[in-house]
Amino acid sequence: MQFGIFSVGDVTTDPTTGRTPSEAERISAMTQYALKAEEVGLDVFATGEHHNPPFVVSSPTTHLGFIAAQTEKLLLSTSTTLITTNDPVKIAEDYAFLQHLSGGRVDLMMGRGNTGPVYPWFGKDIRDGIKLAVENYHLLRKLWREPVVNWQGQFRTPLQGYTSTPAPLDGTPPFVWHGSIRSTEIAEQAAYYGDGFFHNHIFWNKEHTEQMVRLYRQRFEFYGHGAADQAYVGLGGQAFMASTEAEAKRVFRPYFDNAPVYGHGPSLEDFSQMTPLTVGTPEQVIERTLGFADYVGDYQRQMFLMDHAGLPTSLVLEQIEMLGTEVVPVLRTEFERRRPAHVPSDPPTHASLVAAGPDAPHHLVEPARARVEELQAEQAAQVGA
Amino acid sequence: MSRRIVVVTAGLTVPSSTRLLADQLAEATTAQVTARGEAAEIDFIELREVAGELATFMVTGGIPTPRLTELREQVAAADGLIVVTPVFNGSYSGLFKMFFDALDKDALAGTPVLIAAAAGSARHSLVLDHALRPLFAYLRAVVVPTSIFAATEDFGSHGLSDRITRAAAELAALVLSQGGYGVGGFAPDLAARPRRTSGTQVEADVTPFGDLLRGHSGTD
Chain R
1 MQFGIFSVGD
11 VTTDPTTGRT
21 PSEAERISAM
31 TQYALKAEEV
41 GLDVFATGEH
51 HNPPFVVSSP
61 TTHLGFIAAQ
71 TEKLLLSTST
81 TLITTNDPVK
91 IAEDYAFLQH
101 LSGGRVDLMM
111 GRGNTGPVYP
121 WFGKDIRDGI
131 KLAVENYHLL
141 RKLWREPVVN
151 WQGQFRTPLQ
161 GYTSTPAPLD
171 GTPPFVWHGS
181 IRSTEIAEQA
191 AYYGDGFFHN
201 HIFWNKEHTE
211 QMVRLYRQRF
221 EFYGHGAADQ
231 AYVGLGGQAF
241 MASTEAEAKR
251 VFRPYFDNAP
261 VYGHGPSLED
271 FSQMTPLTVG
281 TPEQVIERTL
291 GFADYVGDYQ
301 RQMFLMDHAG
311 LPTSLVLEQI
321 EMLGTEVVPV
331 LRTEFERRRP
341 AHVPSDPPTH
351 ASLVAAGPDA
361 PHHLVEPARA
371 RVEELQAEQA
381 AQVGA
Chain E
1 MSRRIVVVTA
11 GLTVPSSTRL
21 LADQLAEATT
31 AQVTARGEAA
41 EIDFIELREV
51 AGELATFMVT
61 GGIPTPRLTE
71 LREQVAAADG
81 LIVVTPVFNG
91 SYSGLFKMFF
101 DALDKDALAG
111 TPVLIAAAAG
121 SARHSLVLDH
131 ALRPLFAYLR
141 AVVVPTSIFA
151 ATEDFGSHGL
161 SDRITRAAAE
171 LAALVLSQGG
181 YGVGGFAPDL
191 AARPRRTSGT
201 QVEADVTPFG
211 DLLRGHSGTD
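Chains R and E supply the protein sequences, listed in that same order.
Residues 1 to 385 (the UniProt record's numbering) are what the first sequence spells out, left to right.
Residues 1 to 220 (the UniProt record's numbering) are what the second sequence spells out, left to right.
Mixed in with the good hints, there may be bad ones.
[To be verified] Think about it this way: if two alpha-carbon atoms lie no more than 20 Å apart in a straight line, the pair counts; the simulated SDA-like pairs of lysine to any residue are:
#1 R:Lys-124 with E:Leu-213
#2 R:Lys-206 with E:Arg-67
#3 R:Lys-206 with E:Glu-70
#4 E:Lys-105 with R:Ile-130
#5 R:Lys-131 with E:Thr-219
#6 R:Lys-206 with E:Leu-54
#7 R:Lys-206 with E:Gln-201
#8 R:Lys-206 with E:Ser-198
#9 E:Lys-97 with E:Thr-197
#10 E:Lys-105 with E:Gly-94
#11 E:Lys-97 with E:Arg-140
#12 R:Lys-131 with E:Ser-217
#13 R:Lys-90 with R:Gly-123
#14 R:Lys-206 with E:Glu-73
#15 E:Lys-105 with R:Ile-181
#16 E:Lys-97 with E:Pro-134
#17 E:Lys-105 with E:Gly-199
#18 R:Lys-90 with E:Ser-217
#19 E:Lys-97 with R:Gly-265
#20 R:Lys-90 with R:Pro-120
#21 R:Lys-206 with E:Thr-200
#22 R:Lys-206 with E:Ala-204
#23 R:Lys-90 with E:Gly-218
#24 E:Lys-97 with E:Thr-200
#25 R:Lys-90 with R:Phe-122
#26 R:Lys-206 with R:Val-261
#27 R:Lys-206 with E:Gly-199
#28 E:Lys-105 with R:Arg-182
#29 R:Lys-206 with E:Val-202
Keep in mind the hints are simulated off the structure, nothing from the lab.
One chain only, chain E, in its complex shape:
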């Protein structure tokens, strides 16, 4: 079974160093998944292309465009995520945050995520631990221990590719362990499994009204 990795990148120029970093992370992750005898399928989401649609989604109280619906479903169905943002004013860019604000709050629950950022200077590197990690903790994603920060000068050093390999290996290991909730010989504990939703569909399995009315019918 091929694992679906979605790469969300918030670079604004073409080409951008954000996308350059995203490409390297995607390639390394594919290599790490393949090395473990499995296949990886990579999909890129360039947020620049849906910037206008995200703004519309925000100011209309959540009316989705077809393309946005597709992306929200793609993310909620991913086995793992690689997210890369440029650093703006000491944090992720507004465009990057807008996309995650447009997701269902359960879209990423239990999902392995590799966080990365690109900036002009190494002085911004704590953005990963002070901005991105809390964001994905709130979304109940599983953030891999190694996060990747690339300042301009890092694109000329060996250290960056070593760190990329380490982060990719961590992501690959987590992605491949997905679904392993059952202990051998026992039924998997379905209740403990994080429930993910894209928020784009009306839930078909509704709570029966008898359950909703329990304790509220005035007689019990």
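Okay, chain R solo, but in the shape it has when bound:
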């Protein structure tokens, strides 16, 4: 199972000191978090992508390439890559290039983005969000899988005789996750292609996350990629730790109370009940996190949000250290203890996808196509009879 940290990349004032980091400081801090993640044995670092203040993360592959040069094992990912407003041709190029730079330590997570004005700034309309995600991702799959692409869709200039360069490393496109909070179409999309499904989880009640993941799992099985419990599921999580629960709450409370998303709203205690947020000892974080599998099933990737709400760099580095040395080792053992043998522990990696060979379903633009045609034939036969 993979464990990691994901960042939104916000520049937020530290409410305890009134100090706002510069963009340079924030970017540098994120790099330090990624390096710390590798140092303490975490598997994944994922960066968000935003094109408006107060965020700095507009150029994920630049940043991930910089981190790749300073790490050995860390898997570099996104949370999320905007499949709606980015040109899929540029995504295909950038992330294939990053694969080459990093020796295949890349996967990415598609998301739509929920900031209205970003769409028109990039020449798009937020009301087309789902259609953009569907069309652009389909084109991205083709660009990574077909040597020459001819394409005419609804949203971008047609392509005639286009070859995306560089081709994916070892002819093997990166594994892709689809992140969605409540759009069932995106869970359906992930299931259709046999890709991973990631639920942000941290701003939602568990009943909702449970239903979204269940839907994805059922459709993954429907499209013939494996049993529902073998589908690739990732979750977000959020924690703040100290040696006692009281100390953790004392330190974290001012950050919570002023946080951009939920600050000035529910109390820390209420929010901890409503969502997976855990503020307490490492043991409490372990117990809470293990409980996630009780409602989403045994899953493959757990990401934690650690750097937000203006938390100072030194504190975040301490938190990542605790996560890597005290929490994740126990989680690894305990999650494997409860996992049935037929449920994969890890999501596909570059190594596993290369090992599966060029004839594996991963290399098809539409791995479920044959299954869908089979179902249609069955239906037609029933109607005929």
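Go by the hints and put chain E onto chain R.
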């Protein structure tokens, strides 16, 4: 089959004239449904009790509390609604609006609604036609023609109870005609039936991906 009527009331004091009006409307509606040979089940939602939860729902981008989830489902499953607000600054109260802002946009589609307001003075009576009626029109609810406005002095007059009876009769007639979309001998036109959702559950019947991809696969 018993008809479920949900009464949403936004009074702030206990007791409140808003609740007093709501009680009279509920009673009259029960009488009108019963008079037509059917049973009515009345549930009250006192918004004051969930004011904090509604605020949390708003500032967290929609994280529901269990109680709020229950109420949203109750409203989306109701056969009819009676909604009563106090008049604040010439409109419905903020608490009243917050509850309807927390509903799914399809929660009330095609649902009969009786609108009512309580205020200190008759000078506010147009609040029903200028504030409440447009709100429920947006939600595609079916607002009964008679709306009820009660100023303090109305609680001492006969006219109010006559109007209440008329509005209750209109609501009862609409509630009881629900489900009568089919013409005798023909199958009901299911496509024309308003589709209501509470927004609290993930829709289980997802659009098959083939339909989503149609026109977007780059080859057709």
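We went through each hint and held it up to the structure:
Taking the CA atoms of Lys-124 of chain R and Leu-213 of chain E, the gap is about 19 Å. The hint holds against a cut of 20 Å. Restraint check for Lys-206 of chain R and Arg-67 of chain E: satisfied, since their Cα atoms lie roughly 15 Å apart, inside the 20 Å limit. Between Lys-206 of chain R and Glu-70 of chain E the alpha-carbon distance is near 16 Å, which keeps this suggested pair within the 20 Å criterion. Note on Lys-105 of chain E and Ile-130 of chain R: the hinted pairing holds, with a Cα-Cα distance of about 19 Å set against a maximum of 20 Å.
Between Lys-131 of chain R and Thr-219 of chain E the alpha-carbon distance is near 15 Å, which keeps this suggested pair within the 20 Å criterion. For the hint linking Lys-206 of chain R to Leu-54 of chain E, the alpha-carbon distance of about 19 Å falls within 20 Å, and the restraint holds. For the hint linking Lys-206 of chain R to Gln-201 of chain E, the alpha-carbon distance of about 12 Å falls within 20 Å, and the restraint holds. Between Lys-206 of chain R and Ser-198 of chain E the alpha-carbon distance is near 18 Å, which keeps this suggested pair within the 20 Å criterion.
Proposed proximity of Lys-97 of chain E and Thr-197 of chain E is supported: the alpha carbons are some 19 Å apart, at most 20 Å. Only pairs whose Cα atoms come within 20 Å are accepted, and Lys-105 of chain E paired with Gly-94 of chain E is accepted, the gap being roughly 18 Å. At roughly 16 Å between alpha-carbon atoms, Lys-97 of chain E and Arg-140 of chain E fall within 20 Å of each other, so this suggested pair holds. Between Lys-131 of chain R and Ser-217 of chain E the alpha-carbon distance is near 11 Å, which keeps this suggested pair within the 20 Å criterion.
Distance check on the hinted pair: Lys-90 of chain R and Gly-123 of chain R sit about 15 Å apart at the alpha-carbon level, within 20 Å; holds. Proposed proximity of Lys-206 of chain R and Glu-73 of chain E is supported: the alpha carbons are some 18 Å apart, at most 20 Å. With a C-alpha separation of about 18 Å, the suggested pair Lys-105 of chain E and Ile-181 of chain R falls inside the 20 Å cut-off, and the hint holds. For the given pair, Lys-97 of chain E sits about 12 Å from Pro-134 of chain E by alpha-carbon distance, which is consistent with the 20 Å threshold.
At roughly 8 Å between alpha-carbon atoms, Lys-105 of chain E and Gly-199 of chain E fall within 20 Å of each other, so this suggested pair holds. Taking the CA atoms of Lys-90 of chain R and Ser-217 of chain E, the gap is near 18 Å; set against the 20 Å cutoff, the hint holds. At most 20 Å may separate the alpha-carbon atoms for a hinted pair to count; Lys-97 of chain E and Gly-265 of chain R meet this at roughly 18 Å. Between Lys-90 of chain R and Pro-120 of chain R the CA atoms are separated by roughly 18 Å; this keeps the pair inside 20 Å, and the hint holds.
Among the hinted pairs, Lys-206 of chain R with Thr-200 of chain E is consistent with the structure: their alpha-carbon atoms are about 12 Å apart, no more than 20 Å. Straight-line distance between C-alpha atoms of Lys-206 of chain R and Ala-204 of chain E comes to about 17 Å, which keeps the hinted pair within the 20 Å bound. With a CA separation close to 17 Å, the supplied pair Lys-90 of chain R and Gly-218 of chain E stays within the 20 Å bound. Simply put, Lys-97 of chain E and Thr-200 of chain E have alpha-carbon atoms about 19 Å apart, close enough for the 20 Å limit, and the pair holds.
For the given pair, Lys-90 of chain R sits about 13 Å from Phe-122 of chain R by alpha-carbon distance, which is consistent with the 20 Å threshold. Restraint check for Lys-206 of chain R and Val-261 of chain R: the C-alpha separation of about 18 Å stays at or below 20 Å, so the hint holds. For a cut-off of 20 Å, the pair hint linking Lys-206 of chain R to Gly-199 of chain E stands: about 15 Å separates their Cα positions. Proposed proximity of Lys-105 of chain E and Arg-182 of chain R is supported: the alpha carbons are some 15 Å apart, at most 20 Å.
Distance hint between Lys-206 of chain R and Val-202 of chain E is fulfilled; the C-alpha atoms sit about 12 Å from each other, no more than 20 Å.
In the structure shown, no violation is registered for any of the earlier numbered hints.
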